[in-house]
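Undergrad: Each chain is listed here by its residues.
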Amino acid sequence: MKPASETLSGFFIILALASGGVAARRAAATRQSAGKPATAQAQVTFNRDIAPIVFRNCAGCHHPGEAGPFPLLTYVDVKTHGRQIALVTRKRLMPPWLPEPGQLKFADELRLSDEEIRTIQAWVDQGEIEGNPADLPRQPAFTTGWQLGKPDVIVRAAKPYLLLAGGSDSYWNFVFRTPVRRSQWLRAIEIRPGDKRLVHHANVLVDREQSGRRLEKAPGAGFGGMELVIESEAFDPDSHFLFWKPGSPPYVEPDGMALRLDRNTDLVLNTHFQPSGKPELVQPTLGLYFTDKPGTRHPILLQLDNDRMLDIPPGERTFLVSDDFILPVDASVLAIYPHAHYLGRDLLALATLPDGTKKTLIHIGNWDLNWQAVYRYEQPVDLPAGTTISMRFTYDNSAENIRNPNQPPKRVVAGNRASDEMAHLWLQVLPHESGDATLDPRIQIQEALALHHLQNNPEDFEAHYNLAALLQRKGELSGALLQFREAVRIRPDDPTANNALGAVLLAGGQIDGAIPHLNTALKGRPDYFDAHYNLGNALAAQGDFAGALAHFQAAVRLHPQDANAEANLGSALAETGNLKEARLHFARALEIDPKNELARENLEQLNRDSHDHPN
Amino acid sequence: MGRRWHTIRVVRLLLVVIVAAGLAPLASTALGAENTAFDLAGNPVDPLKSAGGKIVVLVFVRTDCPVSNRYAPTIQKLSDEHAAKVAFWLVYPSAVESAEVIRKHVREYGYKIPALRDPRHVLVKQSQVEITPEVAVFGIDRRLVYHGRIDNLYESVGRTRSVATTHELEDAISAALGGKSLPGDATHGVGCYISDLE
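Line by line, the protein sequences are chains A and B. In terms of our numbering, the first sequence opens at residue 1 and continues consecutively. In terms of our numbering, the second sequence opens at residue 1001 and continues consecutively.
Treat the hints as calculated values from the structure; they're not laboratory data. Hints should not be assumed to be uniformly reliable.
Said to hold, decoys possible - A few chain A positions that, by computed beta-carbon distances, are all more than 10 Å from chain B: (1) T143; (2) T144; (3) D152; (4) R208; (5) P279; (6) L281; (7) T318; (8) N404; (9) P405; (10) Q407; (11) P409; (12) T576.
Stated by the list, open to error - A few chain A residues that don't get close to chain B, going by computed Cβ distances all over 10 Å: (13) P69; (14) G475; (15) S610.
Said to hold, decoys possible - Derived pair list, reagent style PhoX-like, types lysine-lysine, alpha-carbon separation capped at 25 Å: (16) K1125(B) / K278(A); (17) K1049(B) / K1085(B); (18) K1180(B) / K1054(B); (19) K1104(B) / K79(A); (20) K150(A) / K196(A); (21) K278(A) / K293(A); (22) K105(A) / K358(A); (23) K278(A) / K1077(B); (24) K79(A) / K1180(B); (25) K1077(B) / K1180(B); (26) K1054(B) / K1112(B); (27) K1049(B) / K1180(B); (28) K1085(B) / K1054(B); (29) K278(A) / K1180(B); (30) K196(A) / K1104(B); (31) K1077(B) / K1104(B); (32) K79(A) / K150(A).
C-beta atoms are modelled at their ideal positions from N, C-alpha and C, and glycine is treated no differently.
Just chain B, with the same shape it has in the complex (with noise of 0.2 Å):
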């Protein structure tokens, strides 16, 4: 118990940094690391530069978001089928959630997927998306070829299919493997907004 509290001690504490680098870049020079997301064991990382000549798909989700929860056998497999060509990346875009949380997170919804923290929302912004779970598809050339819903299960929250009709991820990573773009605007997915958590 007395651990627990420590742990949302220190989140508090971060939070209030981060306001801070907002308005003053002095705080954010203080806390000396550039713009950058943070695997669980706080080292920044570039899921981008890391990719090694595969596509990239990060996948925006949060451990209390019970849309992007329901979503994590699909890109599990998804990430399976296309493991040989397509880098998968589990993104948190929360400053609160905690390394520890995240583990647990990753653990309990079976994810075999690599996990980033994404407190300041660089890969947020980079990949324009606005909801968990959203994804952004990145080619071999690092562009952003698609961001928007996996797929249409949710038409809107409290409005579920029985099944999905289309399947807008599968699609990008088709496109993507074939040096494509999506044609037209993306759709945004349906769940929690990630600017609730600014």
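Looking at chain A on its own, in the form it has when it is part of the complex (with noise of 0.2 Å):
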């Protein structure tokens, strides 16, 4: 009887972002020419002058159903917040829009000029004047429900979360299960995060591996917290920004980068509400939008960081992290989405080409946690390889910092939660196709990241992790083996790094080796589908067949779709002389994929032994 033999390598691990919002977008407003100038003689009215820029600025969020806590419609609207307006736009915090205006443009920036602020003020100074009614644009029309039509499939979160009336700020997580039977392609997911006006910012995260649900307390419950580690495949990797946030429109990926949904992709939607004064139960709803045009351009997600130079002194005003990642290969930077917590003050990315031109990608000069967002480029911006892209982030750890959540300060490190502080800086680009069939230019990236966090932080568990499945993949065996084995040696108990140091061991022959690891992966997590079924091959090449016999009745319990289990699972019941339940998970693998060589030629080998010993 032919031994099981295949072996499965881990996944990928990817420190996935998670608080974030999308790039905001104008109301869709008439876009009618903002207010004339104001000088000092010219009278200003409402209907000429103030209501296109409302409409066209504000009118997005103030609207009743959205994220602003009043509407700005009217006349009355607007005079009964104006002093107010005056003010939150003199001192830009509205509308919300938190780059310096620079050399590359964002879509749909939502950015006063100077001209309309001064507008803005001279009517409420002048008293408000409504002016003639002829002059008032059309009110904008807002598409109630869903932005985008009716969606293919809406899912709802199994259990709402109640958000207290008081207190600080509160993050929570809730896990969707996508009810797709086969992998789909998604062009866009529709966040409603429930009542607008509570929820800073929301972000769904691809969750391949349902890592998620491994932090739910009972299923469906959701479960705390800021940030978040997700797992994902090896060679397909975090490639979409799918963020919410107030005023911001779902976002439509374009032909060929569409994202594919497998049957057992969990959404986890990260979301950050500020409690309202009164007890709120909140229970969003996603709306999946399904193309029939598969992704053909895969846009990669590039962190940069550097955890180990945050350790900010109490009292520190400028404290400075920094982060130099040199890119491997040519690419388009297609959006950029700059992370801190409350003691960030100055976020700026720059990028210097090969020739010494400098860009500034993006510069923050007042950051603020609640308003973050990702900011996508009007158009690619066009990088060389050899280009260095710099993070340059400041912090303020003093007490004057009124964000600071140290009262009087104290030492501040990296780290998830909302006390700790982070430097992290996303940005999606999108490799540009090489010449070389063979080098896939998405690998590349991922390899010249992995060995720049770890000359950042040589105990960087994922930069090991990922390092590893990399080496693995191009078939360098003992450089994988090198590198699962310190990140093993960093997490002992995690139980992806144990597998994959398991499944390498196993596949290089070293059993004896193998097997305490893949029991180690199956004490931290005993529904563990890889471990399982790599241990089952363990056993069975020790010729331990009725150990290998009862994992991988486990693999086939928790994945009842896959062939390799089932043909595994049908070889040791054969060896262990159960041939008729054999033969019924032989043909149970070939009913799954009727190409399984180990399922069909054990088949075969049965019907020839029954034929020559017929009982």
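Bring the two chains, given one by one in their own frames, into a single complex with the hints.
TA: Have a look at this one:
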């Protein structure tokens, strides 16, 4: 009987970005020319000068059902908040738009011109005159309900989250089981986070390995936490920003950049709430929009960080955290998302091209976590291989920083809680096609990133793990072994790393070495399909078919649609003398995958045997 | 839907009358009401006269001001803690927020404090407040002891501490209970301008 032989390697781990928002977009208002210059003499009226500004820049959020706490659609609406509007626009608190104006333009920039701000101020100073009704532009029309029309599928959070009336901000994660029966391509996800006035931002993480479910106390219960680690498939890394923030319509991926959703893919919605003053039940829904156009262009999320540098003494006002990454291939930057917590003050990202040209990718001079967002470039920013991407984030850990969560200030290091800090810069980049078909530029970027992170921090678990997975894929098993061993040294109990190490040892014939790691993996995660499968193989290789049988049975229970697990279960049954049942499982394997060689060969063998030795 | 429309029309009418009242004293007389605040049933109320020997705290809020809304748990808690000696009142200075809308607001935000409408800004002027939320504390002798912010949770609109580090309203209540005033000038609250309602 042919022994079961295939091994499953582990999965790639990416520290997924967690809190985010989508670049704000203007209301679907008629695009009128903004207010006329407000000279000292000219009379400013609502109908002629103010309404166009408000309709275009404010009404998108400030209309019923949206995030704005009051509507700004009529003269009375605007007048009853006139002084407040003048103040918050002068301070550029509203509309919320953090980046400084620069050479590179962002799509849907929501920024008032100095002229518009002066016009609003003049209108308030002059007594808020309504003006000639004939000058009033048409009120913007807003779509109610689903912004992209009826979704193909709607999923609702299993349980609502109770947001308390008072206290500080809270972070909650909802795990959505997606109801697709086969792999499908998503062109958009519309996030309806519940009462929009409560949600600062929300962000969907594609969870192909059910990492989120494992954090729930009960299925559908959700779990707390500001930042998440989600495992993703080795060579299908996260590549899309799926964010919601007030006023932002859902983003539709361009043709060829659809996102794959598989049968067991979960969508984890990471949500940042602000208490409203009364208790609120929040139960978000997601609308899924499919396309039959598969993803053919594969962007990648590139993460710069330097957590080891993040060790900010109390009282320090300008603490710099930097990181510099050299792009190994030609690529276009599509979007950018800088992220820090409450001590972040000045966030800068630069690109230095090989010829020395510098481009400011983004500069936020007055960082505010509450209005963080993903910013998409109006035009992709082309960067040649050899470009240095630089992150320069400055932190203020003094008592004068009123957002400082520690009063008096104390030492702050990197971490996932709101009172910890982060220095992360994510870029969505689309690598250019290389002439060499054997070189996948995504893999080149992944490898360069893993090496880069290890240079920053030799104790970076994810980087060791990811580098190992990449080496394994290239067939460099000894290198992979070394890196997986490092990952397990750093986190001795980590199920994923132990399984991967076990799998590589197994593939290299080191059965005795593999078994303890596979057992460790199962101790940490008893329903770990891969580890059951691999341990079954390891035991079978040692001739312990009874032991193998139990693990293949567990594997089949966990993944009933896996042809290899069925074929191996059949093999173990045959080895332990249960030919009748073995036959059923070989048949089942072939039913799932008619091309499954192991099942076919073993079934043929069984048929020959029964022919030679009829009972 | 029809009923809601009706409410808005009534409110607009009221606005017109108020403007007229400002211009011509006769119109005010025609309304038949002296300068006063009202309870939600429309009866004139002077919270200082009905204090019954307690210190009086007026809390100025509006239903659509996110900042004053966020203070609801703090305000209710302070009122509960000092119920024996301090009478808290919510004051809605908006002329357009109807009693019905205010009742709903009080219920939703869990307030157990009585609410007043102050469409003519009688209490606003008496309390020297400009913003929602701001508070005014009156001693037993009905003298204004403190007016200004509740605490320093907000530094400005959009800039919030994780927790307040000064507690002016609590300090003012303590001072008033001891028969004292707070030294120094009041710091205004952060939130929505009451003058925007005029």
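Undergrad: Against this structure, judge whether each hint is valid.
TA: Each hint tested on the structure:
The claim that T143(A) lies off the interface holds: its Cβ sits roughly 20 Å from the closest Cβ of chain B, which is beyond the 10 Å cut-off. For T144(A), the requirement that its beta carbon stay farther than 10 Å from each beta carbon of chain B is met, with the minimum near 15 Å. The non-interface label for D152(A) is consistent with chain B: the shortest C-beta to C-beta separation is roughly 32 Å, beyond 10 Å. Taking the minimum C-beta to C-beta distance to chain B, about 35 Å, the non-interface status of R208(A) holds against the 10 Å cut.
A beta-carbon of chain B comes within 10 Å of the beta-carbon of P279(A); the shortest separation is about 8 Å. No Cβ of chain B comes within 10 Å of the Cβ of L281(A); the nearest lies about 13 Å off, and the non-interface call holds. The Cβ of T318(A) sits about 19 Å from the closest Cβ of chain B, beyond the 10 Å cut-off, so the non-interface label holds. Its closest Cβ contact with chain B, about 8 Å, brings N404(A) to no more than 10 Å, contrary to its assignment away from the interface.
Not every CB of chain B is more than 10 Å from the CB of P405(A) (nearest about 4 Å), against its label as outside the interface. For Q407(A), the non-interface assignment is contradicted: its Cβ lies about 6 Å from the closest Cβ of chain B, within the 10 Å cut-off. At the 10 Å boundary, the C-beta of P409(A) stays outside the reach of chain B, the nearest C-beta of that chain being 12 Å off. Non-interface call for T576(A) relative to chain B: holds, since the shortest CB-CB distance, roughly 62 Å, exceeds 10 Å.
Interface exclusion of P69(A) from chain B breaks down, the closest Cβ pair being 4 Å apart, not more than 10 Å. Chain B leaves G475(A) outside its interface by the beta-carbon criterion, the shortest separation being 51 Å against a cut-off of 10 Å. For S610(A), the non-interface assignment is confirmed: its Cβ lies about 74 Å from the closest Cβ of chain B, beyond the 10 Å cut-off. Restraint check: the Cα-Cα separation between K1125(B) and K278(A) comes to about 29 Å, which exceeds 25 Å; the hinted pair is violated.
Taking the CA atoms of K1049(B) and K1085(B), the gap is near 15 Å; set against the 25 Å cutoff, the hint holds. Between K1180(B) and K1054(B) the alpha-carbon distance is near 15 Å, which keeps this suggested pair within the 25 Å criterion. Between K1104(B) and K79(A) the alpha-carbon distance is near 24 Å, which keeps this suggested pair within the 25 Å criterion. A distance of roughly 19 Å separates the Cα atoms of K150(A) and K196(A); the hinted pair therefore holds under the 25 Å criterion.
Only pairs whose Cα atoms come within 25 Å are accepted, and K278(A) paired with K293(A) is rejected, the gap being roughly 45 Å. Straight-line distance between C-alpha atoms of K105(A) and K358(A) comes to about 16 Å, which keeps the hinted pair within the 25 Å bound. At roughly 13 Å between alpha-carbon atoms, K278(A) and K1077(B) fall within 25 Å of each other, so this suggested pair holds. Distance hint between K79(A) and K1180(B) is unfulfilled; the C-alpha atoms sit about 39 Å from each other, more than 25 Å.
Distance hint between K1077(B) and K1180(B) is fulfilled; the C-alpha atoms sit about 23 Å from each other, no more than 25 Å. Among the hinted pairs, K1054(B) with K1112(B) is consistent with the structure: their alpha-carbon atoms are about 17 Å apart, no more than 25 Å. Taking the CA atoms of K1049(B) and K1180(B), the gap is near 20 Å; set against the 25 Å cutoff, the hint holds. Distance restraint check for K1085(B) and K1054(B): the Cα-Cα separation of roughly 5 Å lies within the 25 Å cut-off, and the hinted pair is therefore satisfied.
About 34 Å separates the Cα atoms of K278(A) and K1180(B), which puts this hinted pair outside 25 Å; it is violated. Under the criterion of a C-alpha separation no larger than 25 Å, the hint pairing K196(A) with K1104(B) is consistent with the structure, at around 20 Å. In summary, the hint linking K1077(B) to K1104(B) is supported, as the alpha carbons are separated by about 20 Å, within the 25 Å threshold. A hinted pair counts as satisfied when its Cα atoms are at most 25 Å apart, and K79(A) with K150(A) does not qualify at roughly 36 Å.
When each numbered hint is compared with the structure, violations occur for hints 5, 8, 9, 10, 13, 16, 21, 24, 29, 32.
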